[in-house]
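K.L.:
Each chain, letter by letter, is given below.
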Amino acid sequence: MKKEARKLWVVTKREYGEWIRSRWFLISTIFAPAVFALLIAGPIYMFDGSDSKTDSGLEDYRVALYNVNVLDATTTGFGERVAQLIGGGKYANQPMPLVRITPVEQLAQAESTAIRETKSERISGYVIVDSNTLNTGNAFYAGRKANSPQDIQFIKNSIKEALIGYRLESRGLSPQEIDSLTLSNPQISVNAISATPNITLADSKILLATLITILLYTCIVVYGQSILTSVVEEKTTRISEVILSSIKPGTLLAGKIIGVTAVGLTQQLIWIAMGLVVAFFLSSSSTATALGVDMQAILSNSISIPILITFGFYFLLGVVFYGSISAAVGSMVNSESDARHAGQPIIMLLVASMLCFQPLISDPDSGLSVALTLIPFSSPILMPLRVAISDVSINQILLSLCILLVSCIATVKIAAKIYRIGLLMHGKRLSFKDLKQALQHQHI
Amino acid sequence: MNLPAVEVRNVWKRYTKHTAVSNLSLTIEAGSVYGLLGPNGAGKTTTLRMILDIISPDSGEISLFGYPTNTQGITDLVGYLPEERGLYRKMRVRQVLKFLAELKGVSAKQADARIDSWTEQLGLRSPSKDWTKAKVEELSRGMQQKVQFIATMLHNPALVILDEPFSGLDAVNAQQLQEIIQHLKRSGKTVILSTHIIANAESLCDQVCIMANGTKLIEGTIQDIKEDYGQPAYEKTILVQSSLNEIFIEQIQMASR
Numbered sequence: 000m001k002k003e004a005r006k007l008w009v010v011t012k013r014e015y016g017e018w019i020r021s022r023w024f025l026i027s028t029i030f031a032p033a034v035f036a037l038l039i040a041g042p043i044y045m046f047d048g049s050d051s052k053t054d055s056g057l058e059d060y061r062v063a064l065y066n067v068n069v070l071d072a073t074t075t076g077f078g079e080r081v082a083q084l085i086g087g088g089k090y091a092n093q094p095m096p097l098v099r100i101t102p103v104e105q106l107a108q109a110e111s112t113a114i115r116e117t118k119s120e121r122i123s124g125y126v127i128v129d130s131n132t133l134n135t136g137n138a139f140y141a142g143r144k145a146n147s148p149q150d151i152q153f154i155k156n157s158i159k160e161a162l163i164g165y166r167l168e169s170r171g172l173s174p175q176e177i178d179s180l181t182l183s184n185p186q187i188s189v190n191a192i193s194a195t196p197n198i199t200l201a202d203s204k205i206l207l208a209t210l211i212t213i214l215l216y217t218c219i220v221v222y223g224q225s226i227l228t229s230v231v232e233e234k235t236t237r238i239s240e241v242i243l244s245s246i247k248p249g250t251l252l253a254g255k256i257i258g259v260t261a262v263g264l265t266q267q268l269i270w271i272a273m274g275l276v277v278a279f280f281l282s283s284s285s286t287a288t289a290l291g292v293d294m295q296a297i298l299s300n301s302i303s304i305p306i307l308i309t310f311g312f313y314f315l316l317g318v319v320f321y322g323s324i325s326a327a328v329g330s331m332v333n334s335e336s337d338a339r340h341a342g343q344p345i346i347m348l349l350v351a352s353m354l355c356f357q358p359l360i361s362d363p364d365s366g367l368s369v370a371l372t373l374i375p376f377s378s379p380i381l382m383p384l385r386v387a388i389s390d391v392s393i394n395q396i397l398l399s400l401c402i403l404l405v406s407c408i409a410t411v412k413i414a415a416k417i418y419r420i421g422l423l424m425h426g427k428r429l430s431f432k433d434l435k436q437a438l439q440h441q442h443i
Numbered sequence: 000m001n002l003p004a005v006e007v008r009n010v011w012k013r014y015t016k017h018t019a020v021s022n023l024s025l026t027i028e029a030g031s032v033y034g035l036l037g038p039n040g041a042g043k044t045t046t047l048r049m050i051l052d053i054i055s056p057d058s059g060e061i062s063l064f065g066y067p068t069n070t071q072g073i074t075d076l077v078g079y080l081p082e083e084r085g086l087y088r089k090m091r092v093r094q095v096l097k098f099l100a101e102l103k104g105v106s107a108k109q110a111d112a113r114i115d116s117w118t119e120q121l122g123l124r125s126p127s128k129d130w131t132k133a134k135v136e137e138l139s140r141g142m143q144q145k146v147q148f149i150a151t152m153l154h155n156p157a158l159v160i161l162d163e164p165f166s167g168l169d170a171v172n173a174q175q176l177q178e179i180i181q182h183l184k185r186s187g188k189t190v191i192l193s194t195h196i197i198a199n200a201e202s203l204c205d206q207v208c209i210m211a212n213g214t215k216l217i218e219g220t221i222q223d224i225k226e227d228y229g230q231p232a233y234e235k236t237i238l239v240q241s242s243l244n245e246i247f248i249e250q251i252q253m254a255s256r
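For the protein sequence lines, the chains are A and B, in the order given. Position 371, counted from 1, in the first sequence is what numbering that gives the first Met the number 0 calls 370; the numbers after and before it change by one each time, with no gaps. Position 63, counted from 1, in the second sequence is what numbering that gives the first Met the number 0 calls 62; the numbers after and before it change by one each time, with no gaps.
Bear in mind the hints are in silico, worked out from the structure with no lab data behind them. If you're wondering where the values come from, they're calculated on a predicted model, not measured in any experiment. We treat Cβ as the ideally placed atom computed from N, Cα and C, and that holds for glycine. Hints should not be assumed to be uniformly reliable.
Stated by the list, open to error - Among chain B residues calculated to face chain A with C-beta under 10 Å, some are: (1) Gly72; (2) Leu86; (3) Gln147.
Stated by the list, open to error - The following residues of chain B were derived to be distant from chain A, with all beta-carbon distances above 12 Å: (4) Asp75; (5) Leu102; (6) Gln181.
Said to hold, decoys possible - Here are the simulated lysine-lysine pairs, BS3-like style, with alpha carbons at most 30 Å apart: (7) B:Lys108 - A:Lys1; (8) A:Lys12 - B:Lys16; (9) A:Lys247 - B:Lys134; (10) A:Lys247 - B:Lys128.
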């Protein structure tokens with residue numbers, strides 16, 4: 000037993016050393032979080048950079064649309080009212096669209112002038128308001144960006160607001176009364192929504208859960224495939240026979256899985272350390288907070304010890320479970336190209352788990368969610384996700400872990416038997432008869 | 000009385016479509032060079048794998064130095080050079096050798112000293128060039144075979160199993176390997192030589208077993224087999240000339256001095 004344990008250590012040490020020293024490890028350890036960080040922090044900081052200019056998207060349109068002309072054929076000054084609203088209101092210190100008061104009979108000529116100016120890019124477009132607009136609200140807008148839904152919506156809102164003002168004035172209200180009824184500042188409502196603390200925490204939890212799921216999925220795929228590649232390498236280079244003359248296949252398989260899992264753990268620890276540094280850095284970002292990405296809330300409320308422990312256990316057992324399946328599959332094929340095809344069903348199992356992400360987020364305590372977190376194929380990815388967003392009972396977690404652990408032991412035993420016969424078989428694939436014989440064999 | 004190095008008793012090994020070994024019994028005395036001869040598919044490699052406990056027989060018994068082959072640590076007494084050779088291509092030579100030696104229970108420090116000694120002896124390490132620092136994939140095929148042979152010997156095994164050791168070797172290296180096998184015999188090691196090159200077996204082996212289709216056809220010393228199965232012939236020799244092989248080896252060795 001002592002000798003076998005020492006051999007297990009030798010294999011584990013080699014696996015760990017070779018992966019840690021590889022260029023792949025260095026690149027993935029540095030670049031994977033960099034890509035994640037860019038995906039998450041990039042939009043936040045882009046938003047942060049424009050913070051001083053705008054608090055909502057509305058002013059962008061005002062600035063872009065001031066260059067339209069308003070052709071006013073109403074003879075009531077309605078065009079002026081629309082232009083003011085497009086320009087940000089009469090008290091805003093913004094450029095305002097030019098209003099051309101146009102008698103109805105000259106409207107066609109004014110319009111052709113506006114078309115010409117639009118084509119020559121002197122103006123961006125024009126809006127026609129007439130008596131029909133006052134009665135029904137219908138107006139006409141043409142311009143270089145006239146197919147932009149956001150532009151159309153903004154002009155529509157401006158006309159609607161102008162119409163309300165016009166109608167209120169017709170009913171005898173004073174301009175001050177109309178202003179108090181019609182002028183509003185949309186910036187205030189945006190800040191008010193994002194300042195709600197409950198939404199921030201919930202968002203933080205979902206963000207964390209998403210990160211955990213992606214991380215687990217990526218790691219299980221990557222490390223499962225690493226084990227598969229390693230087995231195929233041993234088989235194709237024919238070193239497996241020399242190794243098997245010194246060590247039992249079960250020990251070799253165990254050493255390989257432990258070594259690769261240890262590499263994964265090392266990488267996770269490095270990533271967690273890097274993540275904490277980035278989270279601390281982001282927590283000082285005012286915009287991150289304004290957007291609801293309250294990093295301090297994540298750190299203090301979402302990342303708890305139970306979550307980390309759950310994550311750790313499921314990561315370890317997930318790699319062992321999928322790693323042993325990958326090793327068995329790797330031992331059954333004869334080349335790296337065969338391995339890619341043979342590895343696809345394993346990936347499909349993991350992708351299927353990822354597809355259940357949305358239903359689980361929507362209702363983490365439904366029957367489906369509970370079942371998915373108990374099945375060993377999906378529990379390594381989905382249980383940590385569920386724990387992160389919902390209060391899962393400790394009994395359920397323990398039951399899920401027990402099922403996964405028993406499945407791991409069974410998978411390793413079955414894989415070792417297939418591995419033993421598969422490693423020595425060159426030139427042909429294992430048939431079902433061979434597999435049956437391998438599984439019935441008593442010695443591992 | 001000395002225990003035999005290997006004892007195979009009534010061993011059978013069947014696969015789904017054929018029987019690889021049928022009712023095989025062998026006794027290999029300690030300190031001898033034993034030849035396992037036969038054409039491809041005779042069951043030689045399957046027999047060797049069963050002796051090494053890589054695969055188990057369906058029935059029958061195999062013992063190494065008096066112990067069943069599944070006894071903990073017994074296969075650490077065996078050095079194995081398989082027919083299908085291979086090494087981790089991306090690893091450095093010293094690292095691979097150290098790994099394989101450690102798997103056989105040699106400490107890292109001991110392994111280093113033995114690697115130095117063997118690589119110097121087989122010309123992989125000299126003051127001008129140290130191939131132990133190179134990656135395996137940087138070595139020529141011949142050099143890789145030498146590395147594989149060193150891996151077989153690093154733990155100083157009592158039993159050395161060489162499966163087709165001469166395949167792929169040039170004449171100089173084949174000659175060197177023959178000398179090493181003779182040296183192993185002189186130092187009291189047991190050697191099992193599986194080959195289909197009969198001339199090599201004749202010059203090296205004390206005893207041979209000829210196999211075909213998984214069964215033993217003949218077993219005994221070379222002399223006994225010749226007496227029992229050889230056809231008598233008379234030959235008058237006037238002049239014995241060196242063979243082309245001998246001249247080639249002599250010239251190459253003179254040039255390299």
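K.L.:
All hints are to be evaluated individually against the structure, with a verdict given for each.
P.N.:
Structure-based check of all given hints:
Taking 10 Å as the C-beta cut-off, the interface hint given for glycine 72 of chain B holds, the closest approach to chain A being about 5 Å. Interface hint at leucine 86 of chain B: satisfied, since its Cβ lies 6 Å from the closest Cβ of chain A, which is below the 10 Å cut-off. About 8 Å separates the beta-carbon of glutamine 147 of chain B from the nearest beta-carbon of chain A, less than 10 Å, and the hint is met. Its closest Cβ contact with chain A, about 7 Å, brings aspartate 75 of chain B to no more than 12 Å, contrary to its assignment away from the interface.
Chain A draws leucine 102 of chain B into its interface by the beta-carbon criterion, the shortest separation being 4 Å against a cut-off of 12 Å. For glutamine 181 of chain B, the requirement that its beta carbon stay farther than 12 Å from each beta carbon of chain A is met, with the minimum near 24 Å. Note on lysine 108 of chain B and lysine 1 of chain A: the hinted pairing holds, with a Cα-Cα distance of about 20 Å set against a maximum of 30 Å. Note on lysine 12 of chain A and lysine 16 of chain B: the hinted pairing is violated, with a Cα-Cα distance of about 40 Å set against a maximum of 30 Å.
Under the criterion of a C-alpha separation no larger than 30 Å, the hint pairing lysine 247 of chain A with lysine 134 of chain B is consistent with the structure, at around 27 Å. The straight-line distance between the Cα atoms of lysine 247 of chain A and lysine 128 of chain B is roughly 37 Å, outside the 30 Å bound, and the hint therefore fails.
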